[in-house]
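> Next come the chains, spelled out residue by residue.
Number of protein chains: 4
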Amino acid sequence: MRIPVGVETTSIHVRVGYVDTDQGGVMHHSTYLRYLEMARVEYLRAHGIDYANFELKQRLALPVVEANLRYKLPTRFDDVLEIKTWVALVNRAKLQFDSVILRGANLTTMASITLCCIHAGDGRICSMPTALLALAPARV
Amino acid sequence: MRIPVGVETTSIHVRVGYVDTDQGGVMHHSTYLRYLEMARVEYLRAHGIDYANFELKQRLALPVVEANLRYKLPTRFDDVLEIKTWVALVNRAKLQFDSVILRGANLTTMASITLCCIHAGDGRICSMPTALLALAPARV
Amino acid sequence: MRIPVGVETTSIHVRVGYVDTDQGGVMHHSTYLRYLEMARVEYLRAHGIDYANFELKQRLALPVVEANLRYKLPTRFDDVLEIKTWVALVNRAKLQFDSVILRGANLTTMASITLCCIHAGDGRICSMPTALLALAPARV
Amino acid sequence: MRIPVGVETTSIHVRVGYVDTDQGGVMHHSTYLRYLEMARVEYLRAHGIDYANFELKQRLALPVVEANLRYKLPTRFDDVLEIKTWVALVNRAKLQFDSVILRGANLTTMASITLCCIHAGDGRICSMPTALLALAPARV
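Residue numbers (this note's numbering), protein chains in the order written: chain F, 2 to 141; chain A, 2 to 141; chain X, 2 to 141; chain Y, 2 to 141.
Certain hints may be false.
Identical copies carry no separate label here, and so any pair may be met within one copy or between two of them.
[To be verified] Once the Cα atoms are required to be at most 30 Å apart in a straight line, the calculated DSSO-like pairs of lysine-lysine come out as: (1) Lys58 <-> Lys73; (2) Lys58 <-> Lys85; (3) Lys85 <-> Lys73; (4) Lys95 <-> Lys73; (5) Lys85 <-> Lys95.
Derived from the structure by calculation, the hints contain no laboratory data.
One chain only, chain F, in its complex shape:
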């Protein structure tokens, strides 16, 4: 995975907690999903979308329908990680966020998370709203 040329990325920094480690002495592979979710929430905020309000006011939700992760290097307790996130694709059916997780200059993990849009009430799938379609990456 490469960050596409010209794409806009948003970064968050997190510090690996003790609770995030396992007896192998590294961050457990499931914890990355926590940090990737935080990164998506901050990406949306940086683009004018407050996700808490989005769910509450639009009565819509964005559940994960696909998650693909490649773990390249282990990360450890107290490491500071940068999670760099961008929209790889968005259309009426889905919204795909790609991320790289870096420790300094080292790529530790690559991830691709795909969301769909549903009505919060009954869970029926609906079209991605305009505010999210506007996140489409620029064609180069």
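With chain F fixed as given, assemble chains A, X and Y onto it according to the hints.
For chains A, X and Y alone, kept in the frame of chain F given last:
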């Protein structure tokens, strides 16, 4: 903490997962709350209360208002633990579950978790319903 | 994903905990990795490999290098899920477990988790040991 | 719980994640232990003790032996919480951190977490080292 004479207990057995461990090589202290919650759900089921239905149909919920845990012995990946749970106290204001967590004959942890009852809609505190008051431990 | 013809599967059953849910009212997408890990540990046990002992005695570990999940249907608090797991591929470099997660007859999630083998001491990659190579699926 | 007069506190700020919520629409009671642990690590760092190095170089660890939490107000997704932490007591046998968790001016949770000191190798209890004894709160 002693199991009071004459009290009725319900046990569940769980196996410590790899994800539950931390780099200290033992189960992380936060995970016990997961297993204690499972134990309360099964205690209620064993006493005729399906908690999923309780929330859905009664429109009530039982949030935790107090948690007290004493960790006596560490537990490790793949350990099978018995969580023995009983109602220590119930009145209109609160419902207290006590538990001991055992690995074989060894007491590893003691816990006391207190719940109150709220309306699921607006979160206002309400009286403990009759079905839960009926869990009161027998006076000896 | 189809379960390949002739492949040997192992199933575990888990009950979705309250802690596993999120405010969307469904099991959070990260929790599946917990249950998939439990499924792999039980798969190995059913095939004569005690993973706790494996790490301790062989001084080897099997970290996750790739995780791919497709979420088809949401699952909810107190649902009983069956996680059916098999070895899709094993060679000297990697061991891939595939799983389907079922609620009754309904497929809720498909997952493919790839592990490599490392020395527990220094984290260097090593060849998959014979005991794990023996898990290779039968050629049909 | 009151913050004792003259005591030195350290604060961290965290944002409640979506994964931290449960179907009751609030942060799950177990997640507070994650944030309290982060607060202790930062308290120690602010007082010159890098806990990652402490475990690695001193070959000591500080497991939790007691946790007491009182939940006063629920907290929700995307809330920013302040965790204000201080050393309530330290002696050769134990180190007790007290914390209040605030959302703005509102007290949401009070917690008291007690640690002991063990040898990382064999888990035997040992005396709290001088660097930690030095965290003793000033007598007023």
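> Within, between, both or neither: how does the pair Lys95, Lys73 come out at a Cα-Cα threshold of 30 Å?
both (27 Å within a copy, 14 Å between copies)
> Is the C-alpha distance from Lys85 to Lys73 at most 30 Å within one copy, between copies, in both cases, or in neither?
both (16 Å within a copy, 27 Å between copies)
> How would you label the pair Lys58, Lys85 (within, between, both, or neither) given a Cα cut-off of 30 Å?
within (28 Å within a copy, 32 Å between copies)
> Treating 30 Å as the Cα threshold, decide for Lys58 and Lys73: within, between, both or neither.
Answer is between: at 26 Å across copies they meet the 30 Å cutoff, but 39 Å inside does not.
> Could you place Lys85 and Lys95 in one of the four classes (within, between, both, neither) given a Cα distance threshold of 30 Å?
Result: close both inside a copy and across copies, 20 Å intra and 28 Å inter.
The structure is consistent with each of the numbered hints, conforming to all of them.
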